[in-house]
Amino acid sequence: MPAEEHAQRRRREILASVTDVFAKRGYQGATIDHLVAGGKTSMGGFYKLFDGKEDCFVQAFDQVVDEATVDAPRPGDAQADWGARVSACLLALLEFAAAKPFSARLVLLEAQSGGPEAVRRYNELLGEAAAGLRAGRSESSATPDLPASFEDATVSGIVWLMQNRLARGTAIDVDELHPQLTKMVLEPYLGRKALTKAMRRR
Amino acid sequence: MPAVEGGEEKLRRLPPGRHGLSREFVTRNQQERLIAGTIAAVAERGYRDASIGHITAAAGVSRQTFYDYFSTKEECFLAGYDLFESHTVAALGEAGAEGRGWTAKVTARVDALLEILTVNPDLARFSLAAPPTAGEELLGRDREFVERLLRAITSEAPRSTPRQPSEVELEAVAGGLASLLVVFAEESGDLDRGNLRLELLELVLAPFLGRERASTVARNG
Chain U
119 MPAEEHAQRR
129 RREILASVTD
139 VFAKRGYQGA
149 TIDHLVAGGK
159 TSMGGFYKLF
169 DGKEDCFVQA
179 FDQVVDEATV
189 DAPRPGDAQA
199 DWGARVSACL
209 LALLEFAAAK
219 PFSARLVLLE
229 AQSGGPEAVR
239 RYNELLGEAA
249 AGLRAGRSES
259 SATPDLPASF
269 EDATVSGIVW
279 LMQNRLARGT
289 AIDVDELHPQ
299 LTKMVLEPYL
309 GRKALTKAMR
319 RR
Chain E
350 MPAVEGGEEK
360 LRRLPPGRHG
370 LSREFVTRNQ
380 QERLIAGTIA
390 AVAERGYRDA
400 SIGHITAAAG
410 VSRQTFYDYF
420 STKEECFLAG
430 YDLFESHTVA
440 ALGEAGAEGR
450 GWTAKVTARV
460 DALLEILTVN
470 PDLARFSLAA
480 PPTAGEELLG
490 RDREFVERLL
500 RAITSEAPRS
510 TPRQPSEVEL
520 EAVAGGLASL
530 LVVFAEESGD
540 LDRGNLRLEL
550 LELVLAPFLG
560 RERASTVARN
570 G
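Listed in order, the protein sequences are those of chains U and E.
Sequential numbering from 119 applies to the first sequence in my numbering.
Sequential numbering from 350 applies to the second sequence in my numbering.
Think of the hints as simulated: they come from the structure by calculation, not from any bench.
Hints are not guaranteed to be accurate.
[Stated by the list, open to error] In the SDA-like style, the derived pairs of lysine to any residue whose C-alpha atoms are separated by at most 20 Å in a straight line are:
id, chain 1, residue 1, chain 2, residue 2
1, U, K311, E, R512
2, U, K311, E, E561
3, U, K171, U, P191
4, U, K301, E, S515
Here chain U stands alone, though its shape is the one from the complex (with noise of 0.2 Å):
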């Protein structure tokens, strides 16, 4: 293996490792002793690749908010309808919360006090995700009339009933909370008879 490409693969694991420890300590209470030890590297590995415990907890949001959407439908994607594409963007998500609740834990609660970067790239996420149902607005046939925070209020409540289950160690019940929080997004948009219509052709 070419050095590069180890040295890479071996970022990803110690990423990965020091997500665990941020989800389990909290933001504040991670120490780089924590984080050198649950990464199993050294002290001069780690200030190799990180500046400090700020920037290794960015580049660890980053590597879970990559992993979370890598497999997500995009805007452009030709096969599936708007309101299909949300449909599955919200099962990827609830799905690799399910799965990985550190890595959910890390960029639903810890970056909120994971210093200004980490915050700021927690609200330009939650502001994507209010862009990509905004698009909504114009795919409808009956173009609704919803106040202009209607998104972000959305996102918000999504995101909250997450954090509610992270925080108090309970599990996302994939099958309890698709089918209804799916029916709750797009329903404002499509209408109810419409959104019936789709979910049965699904």
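Starting from the known structure of chain U, arrange chain E on it as the hints suggest.
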């Protein structure tokens, strides 16, 4: 003990308005002075950066007094939260008693809540904007608070509403409510409060009335 100047000024800003806090709320005793000091310090600096020194300075009491009542900043913060929550939930209950019909009650409660947050901007920042950045130290107290607020706002819903929201749906509405209240609390200069009020009303009514009806009721009362 005489209050330090800055502290007294902060305390004086807490009470006004029909749904503001009574004068006794902030000055009845030193414990409540300390709580008011915590609210002022956390609102100004955020939870993490507000030190016990900042709290005692804002309250105009000695550090020793702080430790007579509380052993940690967290404890004092949570005591303040309990007090603010019971005050707010009581004020919402009172406001709802005046309204005729459920949607009028909901509207009156939302207006009472927004009035509390408007006349006490420190409390808004303390309870809504500061906790999420504090990490899990505060045990999700803000989440609990907002869910209780939502229950207080929507209580007494008749069984005849067009829809009966599921628990999951109401949980998500609480999250939406929290985000709108944070926007409200952050007081950005060009904030359109009248519009935010309508959006908030529509948000809490929609799970019971459906989107269109909620929008009509929010706009026309």
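We went through each hint and held it up to the structure:
1. Straight-line distance between C-alpha atoms of U:K311 and E:R512 comes to about 15 Å, which keeps the hinted pair within the 20 Å bound.
2. At most 20 Å may separate the alpha-carbon atoms for a hinted pair to count; U:K311 and E:E561 meet this at roughly 14 Å.
3. At most 20 Å may separate the alpha-carbon atoms for a hinted pair to count; U:K171 and U:P191 exceed this at roughly 32 Å.
4. As the CA atoms of U:K301 and E:S515 are separated by approximately 12 Å, the hinted pair is consistent with the 20 Å bound.
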